[in-house]
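Please put together the full structure from these sequences, using the hints given.
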Amino acid sequence: MTRIAVVDYGAGNLVSIEQALSAAGAEVVLAHGADSFADADALVVPGVGAAGPAMTRLRRRGLEAPIRAWIAAGRPFLGICLGLQLLFEGSDEDGAVTLGVLPGRTVCLSDAPRLPHIGWNQVERQRAHSLFAGIDEDADFYFVHSYAAAPGPGSEGVILAQTAHGGRFVSAIARGSLAGVQFHPERSGRDGLRLLANFVGLAQAGGAASGRTRVPVLAR
Amino acid sequence: MLRVRVIPCLDVANGRVVKGTRFVDLTDEGDPPTLAERYAVEGADEIVFLDIDAAPDGRGTLLEVVERTARRAFVPLTVGGGVRSVTEMRDVLRAGADKVSFNTAAVRDPGLVRRCARRFGSQAVVVAIDARRRSGPDDPSGGWEVVVKGGREPTGLDALAWAERAVAAGAGELLVTSIDRDGTGAGYDTPLLRAITDRVHVPVIASGGASGPDDFVAAVRDGGASAVLAASIFHRRRHSIADVKAVMAAAGIPVRLVIGAAR
Numbered sequence: 001m002t003r004i005a006v007v008d009y010g011a012g013n014l015v016s017i018e019q020a021l022s023a024a025g026a027e028v029v030l031a032h033g034a035d036s037f038a039d040a041d042a043l044v045v046p047g048v049g050a051a052g053p054a055m056t057r058l059r060r061r062g063l064e065a066p067i068r069a070w071i072a073a074g075r076p077f078l079g080i081c082l083g084l085q086l087l088f089e090g091s092d093e094d095g096a097v098t099l100g101v102l103p104g105r106t107v108c109l110s111d112a113p114r115l116p117h118i119g120w121n122q123v124e125r126q127r128a129h130s131l132f133a134g135i136d137e138d139a140d141f142y143f144v145h146s147y148a149a150a151p152g153p154g155s156e157g158v159i160l161a162q163t164a165h166g167g168r169f170v171s172a173i174a175r176g177s178l179a180g181v182q183f184h185p186e187r188s189g190r191d192g193l194r195l196l197a198n199f200v201g202l203a204q205a206g207g208a209a210s211g212r213t214r215v216p217v218l219a220r
Numbered sequence: 001m002l003r004v005r006v007i008p009c010l011d012v013a014n015g016r017v018v019k020g021t022r023f024v025d026l027t028d029e030g031d032p033p034t035l036a037e038r039y040a041v042e043g044a045d046e047i048v049f050l051d052i053d054a055a056p057d058g059r060g061t062l063l064e065v066v067e068r069t070a071r072r073a074f075v076p077l078t079v080g081g082g083v084r085s086v087t088e089m090r091d092v093l094r095a096g097a098d099k100v101s102f103n104t105a106a107v108r109d110p111g112l113v114r115r116c117a118r119r120f121g122s123q124a125v126v127v128a129i130d131a132r133r134r135s136g137p138d139d140p141s142g143g144w145e146v147v148v149k150g151g152r153e154p155t156g157l158d159a160l161a162w163a164e165r166a167v168a169a170g171a172g173e174l175l176v177t178s179i180d181r182d183g184t185g186a187g188y189d190t191p192l193l194r195a196i197t198d199r200v201h202v203p204v205i206a207s208g209g210a211s212g213p214d215d216f217v218a219a220v221r222d223g224g225a226s227a228v229l230a231a232s233i234f235h236r237r238r239h240s241i242a243d244v245k246a247v248m249a250a251a252g253i254p255v256r257l258v259i260g261a262a263r
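Chains A and B supply the protein sequences, listed in that same order. Using the numbering used here, read the first sequence as starting at 1 and increasing by one per residue. Using the numbering used here, read the second sequence as starting at 1 and increasing by one per residue.
One thing to keep in mind: the hints can contain errors.
[Claimed, not checked] To give a feel for the contact side, a few chain A residues facing chain B, derived at Cβ under 8 Å:
(1) Asn13
(2) Phe37
(3) Ala50
(4) Cys108
(5) Ile118
(6) Val144
(7) His165
(8) Ala197
The set of hints was computed from the structure by calculation and includes no laboratory data. Given the structure is predicted, the values throughout are model-derived calculations rather than measurements. Where a beta carbon is used, it is the ideal one built from N, C-alpha and C, also for glycine.
This is how it looks when you write it as structure tokens:
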């Protein structure tokens with residue numbers, strides 16, 4: 001069975017993510033420290049709220065370096081909402097320095113008619129990816145946020161999908177075994193469960209592959 | 001394009017869904033997770049639980065109900081009623097809620113809104129405003145007063161000024177209930193909604209007074225609401241969520257249509 005470690009660093013609701021991944025066929029472990037990663041096939045970093053307090057809690061638990069190392073090794077990873085934003089270098093929300101795996105920053109949604117962006121919205125895919133296999137092009141997913149990742153020059157290639165709310169923002173990224181979604185698949189009904197099941201499938205394949213594609217991670 | 005949300009509200013007391021005109025003549029309507037799951041299947045975009053008991057010794061029951069619901073219905077869940085501290089909000093979120101709604105506690109201590117928004121983010125903090133027309137139910141000219149304790153206690157606060165203050169304190173969403181219309185089926189108080197949506201930049205959920213799909217259309221078109229909430233019309237199966245959404249879609253309002261949703 002595919003074993004997925006969900007990083008628990010006190011950033012909100014883990015019940016639904018745990019339940020949704022279990023429903024998708026995974027064995028879920030809540031990881032409070034890096035020792036729980038060891039025998040996992042994939043890592044999921046969820047999270048809501050501001051980047052600063054989240055990074056403080058990740059660092060306090062000694063999770064920053066292990067998460068960077070996990071991604072650099074090309075092992076399967078999914079960031080959800082704040083978990084996607086933290087992959088970039090910093091956040092305009094509170095000036096926090098984040099994981100810095102990918103070049104770019106987290107910025108406030110521009111030209112949004114109302115903020116936070118709360119509710120169901122479409123996810124316009126820029127390219128095909130197995131994360132969205134079997135999901136209709138016009139499927140809606142649930143969002144609840146005011147900031148989104150803005151990949152820096154040279155890393156635009158990570159963009160997998162965009163969503164419109166006033167201006168357009170990045171709603172999904174993928175590079176190698178690294179993926180992130182701004183929406184909440186665990187709260188997005190049947191389509192969300194399908195996306196998580198697709199991720200579990202990728203994790204299974206990634207865990208079995210002998211030669212992993214390393215993801216270039218920014219140096220510290 | 002962002003969809004307008006349709007939200008069924010479940011009044012919960014002692015771990016059961018109850019109905020009646022909010023706080024009187026309560027009748028037992030069943031198990032909250034079962035009803036929440038049914039609504040999710042029918043196309044609810046979000047579920048609101050209002051803990052109308054909110055007695056301190058009932059918290060454990062509520063948390064257990066929230067967790068069972070989160071394990072069955074994969075749609076967002078907002079919980080309101082009786083949360084008075086950052087720690088209590090943390091417990092409700094940990095149990096599986098996505099947002100917590102504050103009403104009386106926020107009026108008494110706006111600093112609570114600020115502290116919770118700082119800790120969990122504005123997107124998780126909803127302020128519920130119960131408003132009553134000052135010049136009588138048929139006359140919006142005198143403005144609206146905030147009332148608390150289920151409409152029983154006037155506060156003297158102007159509802160529009162309080163809406164702005166609540167957002168400044170960190171509320172990421174407002175749930176605006178017309179006490180004049182609640183339980184009457186006379187339609188949402190669209191002048192109230194419009195006055196508030198013109199003043200704040202956060203999403204506003206309309207509540208109180210729905211009797212049919214046309215009321216939902218008016219709340220969005222005339223009131224500027226981002227979401228519409230109702231209780232009895234769904235519980236009593238007078239209209240299904242899919243019916244309401246079909247009428248909204250026909251009126252040109254963007255809604256999430258769930259394929260195969262029961263009508």
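* Which hint numbers does the structure go against, in order from smallest to largest? -> 2, 4 and 8
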